[in-house]
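> Chain by chain, the residues:
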Amino acid sequence: MPVKLTRAVAAAAAFLSAPVLADYHVDILPPATPIAQEIYNLHFGILWVCVGIFIVVFGAMFWSVFAHRKSRGAQAAQFHENTTIEIIWTVVPFVILIAMAYPATKTVLDMKDGSNPDMSIKVTAYQWKWEYDYLQDGVRYFSSLSTPREQIEEHEKPGPKKNPNYLLEVDNPVVVPVGKKVRLLITSNDVIHGWYVPQLGVNQYGIPGFVKDAWFKVDKPGRYLGQCSQICGKEHGYMPIVVDAVSAEDYAKWIADKKAKMPPPPAPVADATPAAAAPAEDPNKKWSVDELKANGAKVYAANCQACHGAEGKGTPPAFPPLAGSKVANGPKGAQIDLELKGKPGTAMASFAQLSDADLASVITHTRTSWGNKGGEVMPAEVKSARK
Amino acid sequence: MSTATHAHDTHGHDHAHAHDHHGPPAGFSRWMYTTNHKDIGTMYLWFSFAMFLMGGSMALLIRAELFQPGLQLVEPQFFNSLTTVHGLVMVFGAIMPAFVGFANWLVPMQIGAADMAFPRMNNWSFWLLIPAALLLVGSFFVPGGAAASGWTLYPPLIIQQGMSIDMTILAVHILGASSIMGSINIITTILNLRAPGMTLMKMPLFVWTWLITAYLLIAVMPVLAGAVTMLLTDRHFGTSFFNAAGGGDPTMFMHIFWFFGHPEVYIMILPAFGIVSQIIPAFARKPLFGYASMVYATSSIAILSFIVWGHHMFTVGMPAAGNLFFMYATMLIAVPTGVKIFNWIATMWKGSMTFETPMLFAVGFLCLFTIGGFSGLVLAITPVDITLHNTYYVVAHFHYVLVSGALFAIMAGIYFWLPKWTGHMYSEGLGKLHFWLSMIGFNVAFFPQHFLGLAGMPRRIPDYALQFTEWNQISTVGAFIFGFSQLLFLYIVISTIRGGAKAPDRTWEGADSLEWTHLPSPVPYHTFETAPVVK
Chain A
1 MPVKLTRAVA AAAAFLSAPV LADYHVDILP PATPIAQEIY NLHFGILWVC
51 VGIFIVVFGA MFWSVFAHRK SRGAQAAQFH ENTTIEIIWT VVPFVILIAM
101 AYPATKTVLD MKDGSNPDMS IKVTAYQWKW EYDYLQDGVR YFSSLSTPRE
151 QIEEHEKPGP KKNPNYLLEV DNPVVVPVGK KVRLLITSND VIHGWYVPQL
201 GVNQYGIPGF VKDAWFKVDK PGRYLGQCSQ ICGKEHGYMP IVVDAVSAED
251 YAKWIADKKA KMPPPPAPVA DATPAAAAPA EDPNKKWSVD ELKANGAKVY
301 AANCQACHGA EGKGTPPAFP PLAGSKVANG PKGAQIDLEL KGKPGTAMAS
351 FAQLSDADLA SVITHTRTSW GNKGGEVMPA EVKSARK
Chain B
1 MSTATHAHDT HGHDHAHAHD HHGPPAGFSR WMYTTNHKDI GTMYLWFSFA
51 MFLMGGSMAL LIRAELFQPG LQLVEPQFFN SLTTVHGLVM VFGAIMPAFV
101 GFANWLVPMQ IGAADMAFPR MNNWSFWLLI PAALLLVGSF FVPGGAAASG
151 WTLYPPLIIQ QGMSIDMTIL AVHILGASSI MGSINIITTI LNLRAPGMTL
201 MKMPLFVWTW LITAYLLIAV MPVLAGAVTM LLTDRHFGTS FFNAAGGGDP
251 TMFMHIFWFF GHPEVYIMIL PAFGIVSQII PAFARKPLFG YASMVYATSS
301 IAILSFIVWG HHMFTVGMPA AGNLFFMYAT MLIAVPTGVK IFNWIATMWK
351 GSMTFETPML FAVGFLCLFT IGGFSGLVLA ITPVDITLHN TYYVVAHFHY
401 VLVSGALFAI MAGIYFWLPK WTGHMYSEGL GKLHFWLSMI GFNVAFFPQH
451 FLGLAGMPRR IPDYALQFTE WNQISTVGAF IFGFSQLLFL YIVISTIRGG
501 AKAPDRTWEG ADSLEWTHLP SPVPYHTFET APVVK
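Going line by line, the protein sequences match chains A and B.
For the first sequence, the residue numbers in our numbering are 1 to 387.
For the second sequence, the residue numbers in our numbering are 1 to 535.
Since the hints were derived computationally from the structure, they do not count as laboratory data.
A couple of the hints might just be wrong.
Result set (SDA-like, lysine to any residue): computed pairs, CA atoms no more than 25 Å apart in a straight line [claimed, not checked]:
#, chain 1, residue 1, chain 2, residue 2
1, B, Lys-535, B, Pro-504
2, B, Lys-350, A, Phe-58
3, A, Lys-387, A, Thr-315
4, A, Lys-341, B, Ile-159
The structure displayed is predicted, hence computed values, not measured ones.
Just chain A, with the same shape it has in the complex (with noise of 0.2 Å):
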């Protein structure tokens, strides 16, 4: 077996550095946790039980088969009823398990231990993507795949070399600092999800409605990959998770970083923050039409494409057409209250993170396209749908 681990070893460790390599991996991945730690242990404590009762019974099985045939002149014996063997066979199996559960046991009160925490994540689950708000640190931001469409579909033609971390990257990762007790407050907005990444030992769902709670202490730097677990719709496929386990000071670094860049919350009082959007565009920025629908077009792909289609026409009736709807041919104000809002009930979310320019954009764009005439839509009656 030491050959088979080695392999095994060397595949997880392939599988790190490079996930290009051809891997035939057979084995639960490096554990990076205490507790993921205690799971592998756990797994291969009782693998190996399994195997070794498997090979006692079977043997006994094979032997039999071998041996016992009518065509090698085996007369049939008639025994049967046994009871001190019967009770053997009941009693050894009984002893055996109480032996599994009491380690596992040990690891489940360790698991919902989540008491004293040094920091708290929510994480709020959409169709199809993540939102993680850092209670403590006051960072709020969503998380979305961003392996390119295009490296996706292959419907008429293979696409484009994949990239070494296909569907396993996203366009804002989760960062923790190591040695740090993060305790996940998971929630959803709107159907079950589940918070998965193997290597931390975490797999919580995120109810709608509920807020359920996990934790993990990241040992050593690095970065570790997950996906969403429960079926979430026809997107599922395509919410990973990717976390970063980093040093305290490359955390706090980090935080900086990405509170300056924080855009501005959702419904803030009054005037109390200027318009700071995405820090690379200028609030006072005049925005001409056809500016405003061609990065519409991007900001479309990125957001919309999923559910509404490349040409508007949706899946419905889950996902409705965009092209002919009512609401893109509608009055501007309802269009840009259910863009802020999303449609409670479905899995329209709201989109208010994106910036007064993205928006308008995105809308213009909805508004102007597939033979639509609904008319473009200004930053400014965003900004002021805001209020």
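We have chain A; now place chain B onto it with these hints.
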């Protein structure tokens, strides 16, 4: 007769008429109106085979899409519909009706009864399956496509979809009604129509396992019906059973669903245990090692199945006490299951074994079901489950218990009883070829999925990260071998029905239940009109 009243005369005449022919009417009306347990059993088995091919085609489309990363064949939403309907069709359309087909054929013959207790209800419970199947499969063609939430139908996701969900809910209701009627029939038949001397503890184990299964069905199908009815009212009538904004809780659906769902798992495996318990002694030419302990183990499994549902929900965030309770209860199931495995092996021990196709499938069942049992034990350990929940490890686990478990037992049973039913021997060479192709194809398809799950690949995704490519490709190759070898099975069955060597009345030397010892092959249309006396 001449002194009888006119009414009696007619009755007597009809009765005599039926006796003269000893056969069914010809054509479509035979099948439409039949109340004969053998005809109904046959229809159940053909229906389940048709659904098996349909669900299998969906599985092959899934595996074809997963042959490489990226989306080549299907859209993600359609992919989700495929996984969902594949699950529903296989569970409710293929595996369960197949066992009901066996029950119809065998329960009356094995207890020495002339037919089922409620023959007309029997007809009705079969014909209900057809509209249910049409609703399920037809839901692919309505706007928005078939249900795409996984076979577990969790809200709120399921609330978002269109009318296909209502069709699915109606289908589940109809299937549930059919199952409940079938179960009432089976229980009544077993408890009331046994031949003189056929005490409960003399019944063949297949009858025992079905008696227990039928009670499980009656206990849990109404629970599922309740759950999907609540989904329906949440969707259309403004209730909020599963909507937190209205005071409900999505988690409650999971609890109710799995309170049904876990016994459901045993509904699909206990009759398989029964079939295997008939086959292994027959080919070992030796009585079953522990008949009574098999009955007790089956009953224990059935009772335990009601208190383990939470192990499907370890990632929901139950309190530690809940997680621990469900972990312990689940682990406990390993004890009676182990007893069964040990019993089968002790039955083989010092037997005089031959390995015709039914025995090959039974031994294949024994090995592979045990692997599924072991991965079940691994998943029972809460912390390990949390890291493997909703990964391909779980997919591998339940295909080991349901395909190489339930399905292999069904195949074994078909080869075992086909000579009795048709009067012809199947081709042993082709049967063995079918077994080995299935065995190899199955393991190549599903064993690598354990590795994918351990490496963290979630289930129900149409596309995956690059490091999962190799095992997925191997799995797809295996799935196609397994899938296409079932066409060989179809060929074998049809050619056996149409002809072949004459099967002796007691086809298998070691088989000793009533259908082998008291009835000719093929069995006549009506059997045991006079009950045999069992010593």
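> Quick check: which numbered hints come out false for this structure?
3
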